[in-house]
Amino acid sequence: MDTKKEIKSNLEVISSLCKRRGFIFPSSELYGGINGFWDYGPMGSELKRNIRDAWWKFTVQGRTDVVGLDATIIMHPRIWEASGHASGFADPMVDCKDCKKRHRADQLCEEQGTKLIQDGKKWVLPEGTKCTQCGSKNLTEPRSFNLMFKTYVGPIEDDTSASFLRPETAQAIFAQFLNIESTSRKSVPFGVAQSGKSFRNEINPRNYTFRSREFEQMELEFFIRPDEAVELICGKVTTLADNPDLDGDPQPDWGWEVWHKYWVEQRLKWYRKVGLPADSLELYWQTKDELAHYARACVDIEYAFPFGVQELEGIAARSDFDLSQHQKFSGKSMDVMDDKLREAVMKLSDEEKAAFKAKVVAQWVEAGKDESAAAAFVDKLFEGRYIPHVIEPSAGTDRLALALICNAYDEEKLVDAKGKEDIRTVMHFHPSIAPVKVAVLPLVKNRPELYEKARRIFKDLQQEFNCFWDETGAIGRRYRRQDEIGTPFCVTVDFDTLGEGDASLKDTVTVRMRDSMEQVRMPVAELESFVRKSMK
RNA sequence: GCGAGCUUAGCUCAGUGGUAGAGCUCCACCUUGCCAAGGUGGAUGUCGAGGGUUCAAAUCCCUUAGCUCGCUCCA
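All letters in the first sequence, in the order written, are residues 1077 to 1612 by the working numbering.
Quick caveat, the hints were computed from the structure, so don't treat them as lab data. Where is the CB? At the ideal position from N, CA and C, for every residue including glycine. There could be a bad hint or two in this list.
Unchecked claim - With beta-carbon atoms standing in for the labels, derived distance ranges:
1) Asp1498 to Val1229: 53 to 61 Å
2) Met1589 to Gly1549: 13 to 21 Å
3) Met1611 to Tyr1107: 37 to 45 Å
4) Glu1547 to Ala1354: 15 to 23 Å
5) Asp1498 to Arg1531: 29 to 37 Å
6) Glu1604 to Gly1138: 18 to 26 Å
7) Thr1315 to Gln1538: 45 to 53 Å
8) Ser1104 to Gly1549: 30 to 38 Å
As the list claims (entries may be wrong) - Here are the simulated lysine to aspartate or glutamate pairs, EDC-like style, with alpha carbons at most 16 Å apart:
9) Lys1349 to Asp1323
10) Lys1433 to Asp1396
11) Lys1609 to Glu1540
Required output: the full structure, derived from the provided sequences and hints.
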């Protein structure tokens, strides 16, 4: 156990295997590499594709209330103004030239009771600002660190043509919300999922592929009714205090809190499905202080990487912030018309409406919100309209790939019949995400009829699964090669397969299991369903 | 971005100014009746890149890129 932990803590061993076996290479290594960029080799690209596919199947195709989107990486620059990335991504920083400590300029000023001065596009420190660490006034100018990659659309490079590579996939979903809502025949509550590349010009990429500058995300924006609409429709709002059944189908009376918890549970279920054991994951509920101002709750799903416990996914309840921002910046209404809400409202008397409105306005005012905004919101509800709220499970594909690699990696000490010790390196991937599902191995290669038989079995299985053909080296060595890339099954075609010796074994093969190293005899005809079953 | 350490074959690494190496891997053939270690042969390097010092540089100096760690950052 201890040795296993020790082995697992060695990221170098893992990255070396990843290179040796074609999972992950440094990008542009031919030219010395480029900081913060990584390539996925033959095995890694299969692994990542399997992760993406498993997510898509679980999140989109396996449900009736989520649809997909595949949007562009470069979008209208106004999107990033609406989302807050254009300003929030560019914190001005200052370095102390004496003690080398770096500060956020705005925080430094705040600590000293002053305010950072904005002079056009430039930031200026007030006179007399000191380094809080060493007291020196020898500080650099505030410099903006814009984390978005800038580019120019069209041939002319000026401010009017500047745009950005998306720093997250989510915004495209909000920007296309109206199109999707009006064409997909879905109505709230429903979700839109997207996976794809995002780019962040990280100041300091670290920890292998964990924080890179080009990365992939799998994001779901799940749109729900505001709790006030749920109350009008169902007469009540179910909260976590009601102990709802989160395993069953979603219910119309669920409030945002329940939806949020539901998605946390769904995501955990999925992580287990792709082979991350429940006890390898930790939930971190952000405290009120840590939450962004618009967020109501945010949970991080964390994995114990060799370099520390780090976030794989964040699941945020973001209220109606995103769609409201786009409504504000685009001038287009993000309201949806909810027929169920309208029907419910039509049954209400004027007195009931007035009472409801008074109650909601009082709640909003108590929460420190604007009274007239509350009144306008309720008036909209009475028309059957609202801006949907959103629950956002946002996962990092590359981070998960790394977590699955770390989790799968194992070195087993074996002792053979002669008492000789041997280390077996094996990747215990779940069959559904393993890059190769089956390796087909002819026991010997100098017997044409055996070789041909194996070749036919390989070609058949290849129609269904990613398979590997290996005819070189001793059979044991071939098994071990497959162990290192995590192939769950090796199919060995031997003389019994040909019906030599025991005729009852004709057309059966040896299936060698990766994890247990056990071998079972199986008819060739059953291979396909056997492998398929294991991937469930 | 700052500081420290590092970069030699596919991988792990040895090599402190004088002919670039080892183990594993990989490839071919032989052998091989089920868990890497048999036999024979073979391949692979502008010693991260560029510049300098020197008769001579993997080795010393400068610049640069990348990696690791620590700061910083992580909307």
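Item to check | Hint numbers contradicted by this structure | outcome: 4 and 10
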